[in-house]
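J.: Here the protein sequences come in this chain order: A and B. Start counting the first sequence at 1; every next residue gets the next number (the numbering used here). Start counting the second sequence at 1; every next residue gets the next number (the numbering used here).
Just so you know, the hints here were simulated from the structure itself, not pulled from any lab data. The reader is advised that the hints may include incorrect statements.
[Said to hold, decoys possible] Beta-carbon label-pair distances, calculated as ranges: (1) 28/A with 46/B: 31 to 39 angstroms; (2) 27/B with 96/A: 26 to 34 angstroms; (3) 73/B with 111/A: 51 to 59 angstroms; (4) 8/A with 60/B: 15 to 23 angstroms; (5) 73/B with 46/A: 14 to 22 angstroms; (6) 46/B with 106/A: 56 to 64 angstroms; (7) 9/A with 211/B: 56 to 64 angstroms; (8) 39/A with 9/B: 20 to 28 angstroms; (9) 75/A with 53/B: 20 to 28 angstroms; (10) 64/B with 17/A: 18 to 26 angstroms; (11) 27/B with 48/A: 20 to 28 angstroms.
Note that CB positions come from ideal geometry on N, CA and C, so glycine has one too.
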Amino acid sequence: MEPGEAQNPLTQLRRGVIEYCVLALLTEEELYGFDLVKRLGGSQSLVTSEGTIYPLLSRLRRVGWVTTTWRESESGPPRRYYAITRAGRHALAGFTSEWMRFRDSVDGLLTRGEDHGAQGV
Amino acid sequence: MEHRVSDPLVEDYLRRLDAAAAGLAPDRREDLLSGIREHIDAAIASGEVTDEASLRALLDRLGEPEEIVAAAAEPGDATPWAPPPAIYCRRPGIGLEIAAILLLTLGSLLFVVGWLAGIVMVWSSRRWTLVEKLVATLVFPGGPGLVLWLSVVAVGQTMCTTTAADGPSTDALETCTSTGFSLPAPFGAVAVLVWVVLPLVVAGVMLHRARRRADSEPPVPVYPATRSRWGGLEIAAVLLLGVGGFIVSVVAPVAGLFCAWMSSQWTRSEKWVATAIASMGLMIPVLGLAFVALARTS
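The following block holds chain A by itself, in its conformation from the complex:
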């Protein structure tokens, strides 16, 4: 890990969370890489380098959370479409409930810190 990376705690957090965001996007429809990246990129703070999504997709495929199918496209070479699997849905459900609890605890602590800070001033 690079020193700069360690300084930003969100980098590590992002890395852990983003694969579930990909799974969440795929629960609605099958998407190809470029499209997936576009939709993730909609929220700027989530993806810093779009290219890093591809190793992530390949990892999701290896663990069996997504499957891929090649499809012809009207414009350009064939595209690889990603679809979520049953195991992927299961993992996403587990993460979602964990995340809710985690988010609430962090939010609770952070807002309390804010209150104390406000009192000190």
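Dock chain B against chain A, hints included.
T.: Same frame as chain A, now just chain B:
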């Protein structure tokens, strides 16, 4: 319909990515490259990329190749540029020098070939000075083996005949006749000294010096990948074990055995294989004698 982009900017980017991904497993490296390539193709097909500026912006958003590969790296991936860890350090070996000396002395019995190989090895060593190399070459011209070969060829044969003595005595009378020429005794003694004893003394001194100089060199780290099983010592062992027994009975297989067990590269089981071969080599004179005895009786 295939229309792959062949823009130099894209090619350069993919080349950098490929280089950065050298440490990944081949299938994952391939997967990553095709994924990125697909992304670029899709971006162009979508009409997002229209000119060089928009292409640069696309590549910028993808991120630095190193960054992408870092995201692909998982525990257990090799970093290609890091040298493998040294397992241990050993003192510098003098396998080459030992093999050279063995070939100059015992190897010279392989007629000129063994001695010549020894000379080549002596001159390729960096542990001997020019003077020492010259001494090695001039003191061993042909090596002690040549003397034996010459004595066979030039001195000729000594024939012994045993005739039964007359009368009731059971004593046998032995008569020996030599053909060819024979050297005067004092000259012969000097020749033996020069051709056999002196080379052995020089051999000992040279080996000692090589060892001493090797010891003053820094220890050699041994990497698992570069650990060769074939040093000079091992080659000498194979030569001595393999063909030595046919040329110098007993001595060559025993020397080969010594080389094999001295080896730091061979495993114990490999050394036992060498021992088995040596024992066969030791059997050669026994088999020869048995053959002669059989021929006599029949």
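J.: Each hint: holds or not?
T.: To see whether the hints hold, each was checked on the structure:
Between residue 28/A and residue 46/B the Cβ separation comes to about 20 angstroms, which falls outside the hinted range of 31 to 39 angstroms. Judged by the Cβ atoms, the range 26 to 34 angstroms given for residue 27/B and residue 96/A holds: they are separated by roughly 31 angstroms. Hint check: residue 73/B to residue 111/A, Cβ distance near 36 angstroms, so the stated range 51 to 59 angstroms is violated. Between residue 8/A and residue 60/B the beta carbon distance is about 19 angstroms. The supplied range of 15 to 23 angstroms therefore holds.
Evaluation of the 14 to 22 angstroms hint for residue 73/B and residue 46/A yields a pass: the beta carbon distance comes to about 21 angstroms. At roughly 37 angstroms, the beta carbons of residue 46/B and residue 106/A sit outside the given window of 56 to 64 angstroms. In this structure the hint that residue 9/A and residue 211/B lie 56 to 64 angstroms apart at CB holds, the actual value being about 59 angstroms. Restraint check, residue 39/A to residue 9/B: a C-beta distance of roughly 26 angstroms satisfies the suggested window 20 to 28 angstroms.
For the hinted restraint 20 to 28 angstroms between residue 75/A and residue 53/B, the CB-CB distance of approximately 22 angstroms keeps it satisfied. A C-beta distance of roughly 22 angstroms is found between residue 64/B and residue 17/A, which places it inside the suggested range of 18 to 26 angstroms. For the pair residue 27/B and residue 48/A, the supplied restraint of 20 to 28 angstroms holds, since their beta-carbon distance comes to about 26 angstroms.
Consistency note: the structure conflicts with the earlier hints numbered 1, 3, 6.
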